[in-house]
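Asks: Now for the letters of each chain:
Protein chains: 4
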Amino acid sequence: MNKNRLEAFSDGVLAIIITIMILEIKVPQGEDFIDLFPLFPKFISYVLSFIYVGIYWNNHHHLLQGLTKVNGKILWANLHLLFWLSLIPVSTGWLGEHYFAKAPVTLYGIILFMSAIAFLILQNVILSSEGKKSLLAKAVGNDSKGRISQSLYLIAIVVSFFNEWISILIYFVVAIIWLIPDTRIEKILLEKEEK
Amino acid sequence: MNKNRLEAFSDGVLAIIITIMILEIKVPQGEDFIDLFPLFPKFISYVLSFIYVGIYWNNHHHLLQGLTKVNGKILWANLHLLFWLSLIPVSTGWLGEHYFAKAPVTLYGIILFMSAIAFLILQNVILSSEGKKSLLAKAVGNDSKGRISQSLYLIAIVVSFFNEWISILIYFVVAIIWLIPDTRIEKILLEKEEK
Amino acid sequence: MNKNRLEAFSDGVLAIIITIMILEIKVPQGEDFIDLFPLFPKFISYVLSFIYVGIYWNNHHHLLQGLTKVNGKILWANLHLLFWLSLIPVSTGWLGEHYFAKAPVTLYGIILFMSAIAFLILQNVILSSEGKKSLLAKAVGNDSKGRISQSLYLIAIVVSFFNEWISILIYFVVAIIWLIPDTRIEKILLEKEEK
Amino acid sequence: MNKNRLEAFSDGVLAIIITIMILEIKVPQGEDFIDLFPLFPKFISYVLSFIYVGIYWNNHHHLLQGLTKVNGKILWANLHLLFWLSLIPVSTGWLGEHYFAKAPVTLYGIILFMSAIAFLILQNVILSSEGKKSLLAKAVGNDSKGRISQSLYLIAIVVSFFNEWISILIYFVVAIIWLIPDTRIEKILLEKEEK
Numbered sequence: 000m001n002k003n004r005l006e007a008f009s010d011g012v013l014a015i016i017i018t019i020m021i022l023e024i025k026v027p028q029g030e031d032f033i034d035l036f037p038l039f040p041k042f043i044s045y046v047l048s049f050i051y052v053g054i055y056w057n058n059h060h061h062l063l064q065g066l067t068k069v070n071g072k073i074l075w076a077n078l079h080l081l082f083w084l085s086l087i088p089v090s091t092g093w094l095g096e097h098y099f100a101k102a103p104v105t106l107y108g109i110i111l112f113m114s115a116i117a118f119l120i121l122q123n124v125i126l127s128s129e130g131k132k133s134l135l136a137k138a139v140g141n142d143s144k145g146r147i148s149q150s151l152y153l154i155a156i157v158v159s160f161f162n163e164w165i166s167i168l169i170y171f172v173v174a175i176i177w178l179i180p181d182t183r184i185e186k187i188l189l190e191k192e193e194k
Numbered sequence: 000m001n002k003n004r005l006e007a008f009s010d011g012v013l014a015i016i017i018t019i020m021i022l023e024i025k026v027p028q029g030e031d032f033i034d035l036f037p038l039f040p041k042f043i044s045y046v047l048s049f050i051y052v053g054i055y056w057n058n059h060h061h062l063l064q065g066l067t068k069v070n071g072k073i074l075w076a077n078l079h080l081l082f083w084l085s086l087i088p089v090s091t092g093w094l095g096e097h098y099f100a101k102a103p104v105t106l107y108g109i110i111l112f113m114s115a116i117a118f119l120i121l122q123n124v125i126l127s128s129e130g131k132k133s134l135l136a137k138a139v140g141n142d143s144k145g146r147i148s149q150s151l152y153l154i155a156i157v158v159s160f161f162n163e164w165i166s167i168l169i170y171f172v173v174a175i176i177w178l179i180p181d182t183r184i185e186k187i188l189l190e191k192e193e194k
Numbered sequence: 000m001n002k003n004r005l006e007a008f009s010d011g012v013l014a015i016i017i018t019i020m021i022l023e024i025k026v027p028q029g030e031d032f033i034d035l036f037p038l039f040p041k042f043i044s045y046v047l048s049f050i051y052v053g054i055y056w057n058n059h060h061h062l063l064q065g066l067t068k069v070n071g072k073i074l075w076a077n078l079h080l081l082f083w084l085s086l087i088p089v090s091t092g093w094l095g096e097h098y099f100a101k102a103p104v105t106l107y108g109i110i111l112f113m114s115a116i117a118f119l120i121l122q123n124v125i126l127s128s129e130g131k132k133s134l135l136a137k138a139v140g141n142d143s144k145g146r147i148s149q150s151l152y153l154i155a156i157v158v159s160f161f162n163e164w165i166s167i168l169i170y171f172v173v174a175i176i177w178l179i180p181d182t183r184i185e186k187i188l189l190e191k192e193e194k
Numbered sequence: 000m001n002k003n004r005l006e007a008f009s010d011g012v013l014a015i016i017i018t019i020m021i022l023e024i025k026v027p028q029g030e031d032f033i034d035l036f037p038l039f040p041k042f043i044s045y046v047l048s049f050i051y052v053g054i055y056w057n058n059h060h061h062l063l064q065g066l067t068k069v070n071g072k073i074l075w076a077n078l079h080l081l082f083w084l085s086l087i088p089v090s091t092g093w094l095g096e097h098y099f100a101k102a103p104v105t106l107y108g109i110i111l112f113m114s115a116i117a118f119l120i121l122q123n124v125i126l127s128s129e130g131k132k133s134l135l136a137k138a139v140g141n142d143s144k145g146r147i148s149q150s151l152y153l154i155a156i157v158v159s160f161f162n163e164w165i166s167i168l169i170y171f172v173v174a175i176i177w178l179i180p181d182t183r184i185e186k187i188l189l190e191k192e193e194k
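Chains as they are written, first to last, in numbering that gives the first Met the number 0: chain A, 0 to 194; chain B, 0 to 194; chain C, 0 to 194; chain D, 0 to 194.
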């Protein structure tokens, strides 16, 4: 089995997920700049979700690089991840439609949390297939970023019942955590390559 | 002729089919959790169809692995399969919109049945091109899973005129049949590889 | 320059065109089989357009196989073809919405004609780049099928002002012309290969 | 790291962006040719945006050909470009819906300008990764076309407050600038190849 189609199919689904979110931003009725104002919360939630899907694509890209052989479990763990990510657009639309009301913020957190769990499952299925001594196992390490994100999502879900703005802040913080120190993993992979 | 574009195009179409189904789940009007309740049947039918398209992608992936040369017949048998699968989203939408009423359940069964027949045709066209002694012919074997599914779809279609819930149960049963014992085929392919 | 991305991008656009047409078939309001009846003209026009996009993907696949080097002209001739094909979904929607009224039938013919011309331009640009003695030039030959189709589209456009049903019949006839004798070209390519 | 998935994902997103714009052109209500008239501004803005996305795909194709190694910065600079390009469909829809009113024309210019800046950032990130003596650095040269476009977008944005038609003219002029002299870069690359 080759992993090319697994990557191609995942890329296709992720490309569609990241792009159909824009369909939630409807063309404004009026023709003045002021008509763009009601779109602002939708735009912010679009930016947030675009970054998240980008992060998942990025991490998926890294994870599958270490993959050498595909099996049925991996195919289904991958589809399971894509399932949760496919719920991001509708959740984003709800978030943007209701100016970040409580319930949409909670739901958004639940979907981010489930996506994170699905990614963890995919990672574990691949690791158990590749072996603990594989290059991938070393690159993943103790996966502190993953565990911190999962904890923060849980906190954000609970907090959203009291103050939705703190939850949104947490979602942005998690996004920033993933955006910044990507270089560390690249260094490890680079060092391995050089040896 | 190479099979890369056949795979790429099929992956693209399948990725879009699996993703546009989410567009049937409209952003709820209200902003409370209770507003998510009417979406529940839509969500269940989305899950069911997501699994089915996933199964087809999976089986398509396996089938085309054994393919060595592409011809016009294969291209059209493949497009024929994609045609029936492309009807799954609208059928899923109808199923979810009407709380699993009788007619949508029947139609859903008809489309699953036609997709299964289209897959069978593609399989036969590929087998007749590859030859009966090919690796693929051995891997497919007597295709008992395929024939059981087709029979169950037919039963579900008939049953849907009397009790739609039994039909829905059958659709889930068929999905589970395909989800579980994928490992058997992999073993055969693996054994072949080792020889 | 490599042709992989040209193929990948074209496959992506064609896959989306063939799939978003299904979005024109809206989920029926009622829950009985009788509610599917108004969808019938839409379904027929969907089938027709699905076959046409399938034919274009098929021919595009064949044409690009003979391509050895990509240049700017080819990229733009290819985008020009994709532009006309991208108008098929909205034209199909109009055709299905109005039970095959005169104007939608004419427009559909115009778009099929322009797509055929765009394909011809792409073919000529590629032929002039590859040279008259190339394998592709021999495979294309005098392109009688192409010229017959273009003539039939023109006839159908004119006829549509008097009787739209004859035009629709012509569209189906052209589709069947392309569906049937694909094997002839394959034979020529196969003979070349054997030499 | 390989650049195949970067290209595949970008191709997917660009293919979807260029195709979902057609969804803004709704099927006309009536069944006569006169019902197509109100679609005319939408059609013109669709043509303009189709050309722009085509240009970006074309330039992206060229830029990534010179790329030899992918890193995290490049992935995110690429996603940043895709983000701005993903706003073209909704902006195009607004432009077409309001017969080229002032505010939509300004917004369209802003999004084209931001896309151009995002492309410049991607180009710089790739150049700083590849080195100033790389083949790419020579091919890009002083990037006069890029700088002229950015200036013209800025002028068009300012002008749109006074006369939107001049701005639209400028958008078409920039598109034509990119369409015509693509051959120059190809020549340089060809000369390099021959050496």
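Treat the hints as calculated values from the structure; they're not laboratory data. No experiment lies behind these values; they were computed from the predicted model shown. Worth double-checking, as some hints may not be accurate.
For the chain B half of the interface with chain A, some residues (derived, Cβ under 8 Å), not all of them [as the list claims (entries may be wrong)]:
1) Ala7
2) Asp10
3) Ile21
4) Phe32
5) His60
6) Leu62
Sample of chain C residues with no beta-carbon within 12 Å of chain B, all distances over it, derived [claimed, not checked]:
7) Asn3
8) Ile24
9) Gln28
10) Leu38
11) Trp56
12) Gln64
13) Trp75
14) Ala76
15) Tyr98
16) Phe160
17) Trp164
Glycine included, each C-beta is placed from N, C-alpha and C at the ideal position.
Asks: A separate judgement is required for each hint: does it hold in the structure or not?
Replies: Against the structure, the hints:
1. Interface restraint check: Ala7(B) against chain A, minimum CB-CB distance 6 Å, threshold 8 Å, status holds.
2. The interface hint given for Asp10(B) holds, since its Cβ lies 5 Å from the closest Cβ of chain A, which is under the 8 Å cut-off.
3. Residue-level restraint check for Ile21(B) holds (minimum Cβ-Cβ distance to chain A is 5 Å; threshold 8 Å).
4. The criterion of a C-beta within 8 Å of any C-beta in chain A is met by Phe32(B), whose closest approach is roughly 5 Å, and the hint holds.
5. Interface restraint check: His60(B) against chain A, minimum CB-CB distance 6 Å, threshold 8 Å, status holds.
6. Against a cut-off of 8 Å between C-beta atoms, the interface hint on Leu62(B) is violated, since the closest Cβ of chain A lies about 12 Å away.
7. Interface exclusion of Asn3(C) from chain B breaks down, the closest Cβ pair being 9 Å apart, not more than 12 Å.
8. The Cβ of Ile24(C) sits about 5 Å from the closest Cβ of chain B, inside the 12 Å cut-off, so the non-interface label is violated.
9. Separation of Gln28(C) from chain B is inadequate, the least Cβ-Cβ distance of about 9 Å not exceeding the 12 Å criterion.
10. At the 12 Å boundary, the C-beta of Leu38(C) falls inside the reach of chain B, the nearest C-beta of that chain being 9 Å off.
11. Listed as a non-interface residue, Trp56(C) fails to keep its Cβ farther than 12 Å from every Cβ of chain B; the least gap is roughly 6 Å.
12. Separation of Gln64(C) from chain B is inadequate, the least Cβ-Cβ distance of about 7 Å not exceeding the 12 Å criterion.
13. Non-interface status of Trp75(C) relative to chain B is upheld: no Cβ of that chain comes within 12 Å, the nearest being about 21 Å off.
14. Against chain B, the non-interface label of Ala76(C) holds: every CB pair exceeds 12 Å, the least being about 19 Å.
15. With a closest Cβ-Cβ approach of about 19 Å to chain B, Tyr98(C) is found to remain outside the 12 Å limit, as its non-interface label requires.
16. With a closest Cβ-Cβ approach of about 32 Å to chain B, Phe160(C) is found to remain outside the 12 Å limit, as its non-interface label requires.
17. Distance check on Trp164(C): its Cβ is at least 24 Å (rounded) from any Cβ of chain B, clearing the 12 Å threshold; non-interface status holds.
Against the hints set out earlier in the document, violations occur for numbers 6, 7, 8, 9, 10, 11, 12.
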